[in-house]
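Make a model of the complete structure from these sequences and hints.
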Amino acid sequence: MRYFIEIAYNGKNYFGWQRQPEQNSVQQVLEEALSTLLRKQLKLTGAGRTDAGVHAKQLFAHFDFDVIEDLEALVYRLNSFLPKDISVKKFFKVKDDAHARFHATERAYKYIVILGKDPFLQDFSFQLHKTPDVILMNQAAELLLHHRDFQCFSRTNTDVKTYHCSIVKAQWEAKNNKLTFTIVADRFLRNMVRAVVGTLLDVGFGKTTIEEFSEILQSKNRENAGASAPAQGLFLTKVVYPDSIFLRN
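For the sequence shown, full-length UniProt numbering gives the first residue as 1, with consecutive numbering after it.
I should point out that these hints are in silico values taken from the structure, not numbers from a laboratory.
Some hints could be false.
Below, in silico cross-link-like pairs of lysine-lysine (PhoX-like), each with a Cα-Cα straight-line distance of 25 Å or less [as the list claims (entries may be wrong)]:
1) Lys238 - Lys161
2) Lys178 - Lys110
3) Lys57 - Lys43
4) Lys178 - Lys161
5) Lys57 - Lys178
6) Lys169 - Lys57
7) Lys110 - Lys12
8) Lys40 - Lys90
9) Lys84 - Lys57
10) Lys43 - Lys12
11) Lys90 - Lys130
12) Lys161 - Lys93
13) Lys89 - Lys238
14) Lys220 - Lys178
15) Lys95 - Lys110
Quick list of the computed label-pair ranges, beta carbon to beta carbon [as the list claims (entries may be wrong)]:
16) Thr131 - Asp64: 47 to 53 Å
17) Ile210 - Asp96: 47 to 53 Å
18) Thr156 - His129: 26 to 32 Å
19) Thr158 - Lys40: 28 to 34 Å
Where is the CB? At the ideal position from N, CA and C, for every residue including glycine.
Here it is, written out as structure tokens:
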């Protein structure tokens, strides 16, 4: 039987989701814990791969195993076994061909910027001491909704077949000393969100005009975009699937 597992994690101590040679990853820790409890070597396939230091409030992965009678008990046992910075929320029974990556129809990220210094948020935000122009950043972000090829924001030497993404939301919100950028799309390229945030901040600080931002989008050249924003401010917040892949008890 195929199962989806819903997890959340603080990415500070991990070299991203995906297994890496001689590096600590969320996938490795979770696979080892699950394999130990179920007494069978298991491999997880994730909905995507977050970069080193990036957090996830919701990420799904799938694996195959025999029938598990008590999924709630397994959640409890697995959380007791895992380190404090990884949490398992729930297991779902899914159809045999359900795929955590390929069946995802939408993904959402949030990027958190704190204006000023806050020692309690240093691991979960990008802290700035100057305030960018949020109106300008939202004008530039609006252009993302009308574009498809985002090669200019993709990590180079990647193995993707297409740089096309369909972005349905890209918006900054300001509240007190906190700026939150929300971006929602069908898929994202490696390092894309952090590159978008860094380039939008350049717009907000007057380093890049709206016209230049549009030219960056058309250029398909990563060197023309801004530097990637730091990893600790980024959260994968939601992954959406069609109801049809889930099995009902």
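Going through the hints against the structure:
{"no.": "1", "hint": "Lys238 - Lys161", "verdict": "holds (24 Å)"}
{"no.": "2", "hint": "Lys178 - Lys110", "verdict": "holds (12 Å)"}
{"no.": "3", "hint": "Lys57 - Lys43", "verdict": "holds (21 Å)"}
{"no.": "4", "hint": "Lys178 - Lys161", "verdict": "violated (37 Å)"}
{"no.": "5", "hint": "Lys57 - Lys178", "verdict": "holds (19 Å)"}
{"no.": "6", "hint": "Lys169 - Lys57", "verdict": "holds (19 Å)"}
{"no.": "7", "hint": "Lys110 - Lys12", "verdict": "holds (16 Å)"}
{"no.": "8", "hint": "Lys40 - Lys90", "verdict": "holds (20 Å)"}
{"no.": "9", "hint": "Lys84 - Lys57", "verdict": "holds (14 Å)"}
{"no.": "10", "hint": "Lys43 - Lys12", "verdict": "holds (23 Å)"}
{"no.": "11", "hint": "Lys90 - Lys130", "verdict": "violated (41 Å)"}
{"no.": "12", "hint": "Lys161 - Lys93", "verdict": "violated (30 Å)"}
{"no.": "13", "hint": "Lys89 - Lys238", "verdict": "holds (13 Å)"}
{"no.": "14", "hint": "Lys220 - Lys178", "verdict": "violated (31 Å)"}
{"no.": "15", "hint": "Lys95 - Lys110", "verdict": "violated (30 Å)"}
{"no.": "16", "hint": "Thr131 - Asp64: 47 to 53 Å", "verdict": "holds (50 Å)"}
{"no.": "17", "hint": "Ile210 - Asp96: 47 to 53 Å", "verdict": "holds (49 Å)"}
{"no.": "18", "hint": "Thr156 - His129: 26 to 32 Å", "verdict": "holds (31 Å)"}
{"no.": "19", "hint": "Thr158 - Lys40: 28 to 34 Å", "verdict": "holds (33 Å)"}
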